[in-house]
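Sequences and hints are given; from them, build the entire structure.
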Amino acid sequence: MSQLFTADGTGLAGVFEDSAGATAPAILLVHEWWGLNDQVRGVARRLAPEGFQVFCVDLYGGTVATDAAEAAARMQALDARVALAELHAAVHALLPRCNGALGVLGYCMGGAYALATAAHNPEVKAAVAFYGIPSAAMADVSRISGQVLGHYASRDRSVTPERVDALERTLHAAGVQATLYRYAADHAFANERRPEVYAPEAAALAWQRTLAFFHEVLGGSPARH
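Using this note's numbering, read the sequence shown as starting at 1136 and increasing by one per residue.
It cannot be assumed that every hint is accurate.
Using 20 Å as the maximum straight-line C-alpha spacing, the simulated DMTMM-like pairs for lysine to aspartate or glutamate come out as follows [claimed, not checked]:
| hint | residue 1 | residue 2 |
| --- | --- | --- |
| 1 | K1260 | E1303 |
| 2 | K1260 | E1351 |
| 3 | K1260 | D1202 |
| 4 | K1260 | E1185 |
| 5 | K1260 | D1275 |
Don't read these hints as lab results, they were simulated from the structure. Bear in mind the structure is a predicted one, so any value in this text is a computation, not a measurement.
Printed below as a string of C-alpha coordinates:
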(Lines of atoms letter the chains of each structure in order from A and count residues from 1; the text may use other names and numbers.)
(Lines give C-alpha, C1' and ligand atoms only; values in the text may rest on other atoms or scores of the structure.)
Protein backbone atom coordinates (compact mmCIF):
# COMPACT_ATOMS: atom_id res chain seq x y z
CA MET A 1 0.00 0.00 0.00
CA SER A 2 1.13 3.54 -0.73
CA GLN A 3 -0.07 7.10 -0.14
CA LEU A 4 -2.57 9.26 -2.00
CA PHE A 5 -1.68 12.84 -2.83
CA THR A 6 -3.73 15.89 -3.78
CA ALA A 7 -2.99 17.88 -6.94
CA ASP A 8 -0.65 20.18 -5.00
CA GLY A 9 1.32 17.26 -3.58
CA THR A 10 -0.24 17.13 -0.12
CA GLY A 11 -0.34 13.63 1.30
CA LEU A 12 -3.73 12.51 2.62
CA ALA A 13 -4.11 10.61 5.89
CA GLY A 14 -4.71 6.97 5.08
CA VAL A 15 -3.34 4.14 2.98
CA PHE A 16 -3.75 3.59 -0.75
CA GLU A 17 -4.14 0.13 -2.27
CA ASP A 18 -3.30 0.97 -5.89
CA SER A 19 -2.24 -2.41 -7.25
CA ALA A 20 -5.22 -2.43 -9.66
CA GLY A 21 -3.57 0.36 -11.64
CA ALA A 22 -3.77 4.13 -11.93
CA THR A 23 -6.75 4.14 -14.33
CA ALA A 24 -8.88 1.54 -12.53
CA PRO A 25 -12.19 2.55 -10.93
CA ALA A 26 -11.63 3.89 -7.43
CA ILE A 27 -13.32 3.32 -4.11
CA LEU A 28 -12.98 5.58 -1.08
CA LEU A 29 -13.19 3.32 1.98
CA VAL A 30 -14.29 4.78 5.32
CA HIS A 31 -13.53 2.91 8.53
CA GLU A 32 -15.73 2.00 11.50
CA TRP A 33 -15.55 3.81 14.82
CA TRP A 34 -12.47 1.74 15.68
CA GLY A 35 -10.29 3.60 13.19
CA LEU A 36 -8.14 2.44 10.30
CA ASN A 37 -7.24 -1.01 11.60
CA ASP A 38 -6.12 -4.26 9.99
CA GLN A 39 -9.69 -5.39 9.38
CA VAL A 40 -10.37 -2.33 7.20
CA ARG A 41 -7.11 -2.80 5.33
CA GLY A 42 -8.28 -6.34 4.69
CA VAL A 43 -11.39 -4.99 2.97
CA ALA A 44 -9.14 -2.97 0.65
CA ARG A 45 -7.07 -6.06 -0.11
CA ARG A 46 -10.26 -7.91 -1.08
CA LEU A 47 -11.36 -5.11 -3.40
CA ALA A 48 -8.05 -4.72 -5.24
CA PRO A 49 -8.19 -8.08 -7.11
CA GLU A 50 -11.68 -7.11 -8.25
CA GLY A 51 -10.11 -4.31 -10.28
CA PHE A 52 -10.47 -1.35 -7.92
CA GLN A 53 -7.92 1.06 -6.53
CA VAL A 54 -8.90 1.76 -2.92
CA PHE A 55 -8.03 4.65 -0.64
CA CYS A 56 -8.60 3.86 3.04
CA VAL A 57 -9.04 7.24 4.66
CA ASP A 58 -7.84 7.66 8.25
CA LEU A 59 -10.17 10.08 10.01
CA TYR A 60 -8.47 9.50 13.38
CA GLY A 61 -5.01 10.59 12.27
CA GLY A 62 -3.19 7.35 12.99
CA THR A 63 -4.86 6.23 16.20
CA VAL A 64 -6.91 3.05 16.55
CA ALA A 65 -9.36 2.33 19.38
CA THR A 66 -8.88 -0.91 21.31
CA ASP A 67 -12.24 -1.11 23.11
CA ALA A 68 -15.80 0.12 22.60
CA ALA A 69 -15.55 2.94 25.14
CA GLU A 70 -12.49 4.40 23.42
CA ALA A 71 -14.08 3.96 20.00
CA ALA A 72 -17.24 5.76 21.09
CA ALA A 73 -15.21 8.61 22.57
CA ARG A 74 -13.15 9.01 19.38
CA MET A 75 -16.24 8.98 17.19
CA GLN A 76 -17.99 11.57 19.36
CA ALA A 77 -14.90 13.78 19.36
CA LEU A 78 -14.64 13.70 15.58
CA ASP A 79 -15.55 17.03 13.99
CA ALA A 80 -17.89 16.13 11.14
CA ARG A 81 -16.97 19.25 9.17
CA VAL A 82 -13.29 18.38 9.29
CA ALA A 83 -13.97 14.75 8.44
CA LEU A 84 -16.14 15.69 5.46
CA ALA A 85 -13.45 18.09 4.25
CA GLU A 86 -10.91 15.25 4.38
CA LEU A 87 -13.27 13.01 2.45
CA HIS A 88 -13.88 15.76 -0.09
CA ALA A 89 -10.13 16.09 -0.60
CA ALA A 90 -9.85 12.34 -1.10
CA VAL A 91 -12.68 12.36 -3.65
CA HIS A 92 -10.92 15.02 -5.71
CA ALA A 93 -7.56 13.31 -5.45
CA LEU A 94 -9.07 10.07 -6.76
CA LEU A 95 -11.22 11.49 -9.55
CA PRO A 96 -8.45 12.20 -12.08
CA ARG A 97 -6.90 8.79 -11.47
CA CYS A 98 -10.09 6.83 -12.14
CA ASN A 99 -11.56 8.91 -14.97
CA GLY A 100 -14.55 9.73 -12.79
CA ALA A 101 -15.48 6.10 -11.98
CA LEU A 102 -15.59 6.71 -8.23
CA GLY A 103 -17.47 4.99 -5.42
CA VAL A 104 -17.47 5.21 -1.64
CA LEU A 105 -17.87 2.39 0.88
CA GLY A 106 -18.21 2.64 4.63
CA TYR A 107 -19.01 0.56 7.70
CA CYS A 108 -20.81 1.71 10.86
CA MET A 109 -19.63 5.31 11.39
CA GLY A 110 -18.03 4.99 7.98
CA GLY A 111 -21.36 3.98 6.48
CA ALA A 112 -22.83 7.27 7.65
CA TYR A 113 -19.87 9.16 6.21
CA ALA A 114 -20.13 7.22 2.95
CA LEU A 115 -23.66 8.48 2.37
CA ALA A 116 -22.73 11.96 3.57
CA THR A 117 -19.79 12.03 1.16
CA ALA A 118 -22.09 11.08 -1.72
CA ALA A 119 -24.51 13.83 -0.68
CA HIS A 120 -21.78 16.49 -0.59
CA ASN A 121 -19.90 15.31 -3.69
CA PRO A 122 -22.08 14.79 -6.77
CA GLU A 123 -19.13 13.21 -8.55
CA VAL A 124 -19.58 10.05 -6.47
CA LYS A 125 -21.35 7.56 -8.71
CA ALA A 126 -21.86 4.69 -6.24
CA ALA A 127 -22.23 4.70 -2.45
CA VAL A 128 -22.40 1.60 -0.26
CA ALA A 129 -23.27 1.85 3.43
CA PHE A 130 -23.04 -1.01 5.90
CA TYR A 131 -25.23 -0.25 8.96
CA GLY A 132 -24.67 3.51 8.92
CA ILE A 133 -26.96 6.52 8.42
CA PRO A 134 -25.82 10.16 8.60
CA SER A 135 -27.61 12.65 10.80
CA ALA A 136 -29.52 15.47 9.13
CA ALA A 137 -26.86 17.87 10.40
CA MET A 138 -24.16 15.86 8.64
CA ALA A 139 -25.85 15.62 5.25
CA ASP A 140 -29.10 15.85 3.32
CA VAL A 141 -29.21 12.42 1.71
CA SER A 142 -31.86 13.58 -0.75
CA ARG A 143 -29.06 15.44 -2.54
CA ILE A 144 -27.23 12.25 -3.49
CA SER A 145 -26.70 12.10 -7.25
CA GLY A 146 -25.20 8.63 -7.54
CA GLN A 147 -26.67 5.22 -6.84
CA VAL A 148 -26.94 3.84 -3.30
CA LEU A 149 -26.70 0.35 -1.85
CA GLY A 150 -27.32 -0.26 1.83
CA HIS A 151 -26.85 -3.25 4.13
CA TYR A 152 -28.67 -3.10 7.46
CA ALA A 153 -29.37 -5.46 10.36
CA SER A 154 -32.80 -6.30 11.74
CA ARG A 155 -31.49 -6.53 15.32
CA ASP A 156 -29.54 -3.27 15.25
CA ARG A 157 -30.30 -1.19 18.34
CA SER A 158 -28.54 1.97 17.11
CA VAL A 159 -29.27 2.00 13.38
CA THR A 160 -32.76 0.67 14.00
CA PRO A 161 -35.12 -0.79 11.37
CA GLU A 162 -37.29 2.30 11.81
CA ARG A 163 -34.38 4.56 10.89
CA VAL A 164 -33.60 2.40 7.87
CA ASP A 165 -37.21 2.60 6.72
CA ALA A 166 -37.12 6.39 7.07
CA LEU A 167 -33.88 6.58 5.08
CA GLU A 168 -35.41 4.46 2.34
CA ARG A 169 -38.48 6.69 2.14
CA THR A 170 -36.35 9.83 1.95
CA LEU A 171 -34.12 8.46 -0.81
CA HIS A 172 -36.99 7.17 -2.90
CA ALA A 173 -39.01 10.38 -2.47
CA ALA A 174 -36.00 12.33 -3.76
CA GLY A 175 -35.63 10.07 -6.78
CA VAL A 176 -32.32 8.61 -5.61
CA GLN A 177 -31.71 5.18 -7.12
CA ALA A 178 -31.30 3.16 -3.93
CA THR A 179 -31.59 -0.44 -2.79
CA LEU A 180 -31.51 -1.15 0.95
CA TYR A 181 -31.19 -4.74 2.11
CA ARG A 182 -32.13 -6.03 5.56
CA TYR A 183 -30.45 -9.03 7.17
CA ALA A 184 -31.48 -11.13 10.17
CA ALA A 185 -28.35 -10.11 12.04
CA ASP A 186 -26.80 -7.69 14.52
CA HIS A 187 -24.93 -4.43 14.03
CA ALA A 188 -21.44 -5.02 12.57
CA PHE A 189 -22.47 -8.41 11.17
CA ALA A 190 -19.89 -8.13 8.37
CA ASN A 191 -16.88 -7.68 10.67
CA GLU A 192 -15.14 -11.05 10.87
CA ARG A 193 -12.97 -9.80 13.75
CA ARG A 194 -16.03 -9.60 16.01
CA PRO A 195 -17.23 -13.17 16.57
CA GLU A 196 -19.99 -12.09 18.93
CA VAL A 197 -21.89 -10.44 16.06
CA TYR A 198 -20.29 -11.78 12.87
CA ALA A 199 -22.85 -13.50 10.62
CA PRO A 200 -20.91 -15.33 7.88
CA GLU A 201 -23.82 -16.03 5.56
CA ALA A 202 -25.21 -12.50 5.74
CA ALA A 203 -21.71 -11.04 5.38
CA ALA A 204 -20.98 -13.15 2.30
CA LEU A 205 -24.27 -12.19 0.66
CA ALA A 206 -23.76 -8.49 1.41
CA TRP A 207 -20.23 -8.65 -0.01
CA GLN A 208 -21.43 -10.41 -3.16
CA ARG A 209 -24.09 -7.75 -3.65
CA THR A 210 -21.55 -4.99 -3.02
CA LEU A 211 -19.10 -6.28 -5.62
CA ALA A 212 -21.87 -6.74 -8.18
CA PHE A 213 -23.08 -3.19 -7.53
CA PHE A 214 -19.63 -1.63 -7.87
CA HIS A 215 -18.89 -3.60 -11.04
CA GLU A 216 -22.23 -2.62 -12.56
CA VAL A 217 -21.91 1.09 -11.77
CA LEU A 218 -18.15 1.67 -11.92
CA GLY A 219 -16.78 -1.16 -14.05
CA GLY A 220 -13.53 -2.82 -13.03
CA SER A 221 -11.95 -6.02 -14.26
CA PRO A 222 -11.36 -8.80 -11.71
CA ALA A 223 -7.92 -10.36 -11.84
CA ARG A 224 -7.71 -13.73 -13.57
CA HIS A 225 -6.71 -16.63 -11.35
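Checked hints:
1. K1260 with E1303: holds (18 Å)
2. K1260 with E1351: Holds: K1260 and E1351 sit about 11 Å apart, inside 20 Å.
3. K1260 with D1202: Answer violated: K1260 to D1202 is near 34 Å, above 20 Å.
4. K1260 with E1185: holds (18 Å)
5. K1260 with D1275: holds (17 Å)
When the structure is compared with the earlier hints, a violation turns up for hint 3 alone.
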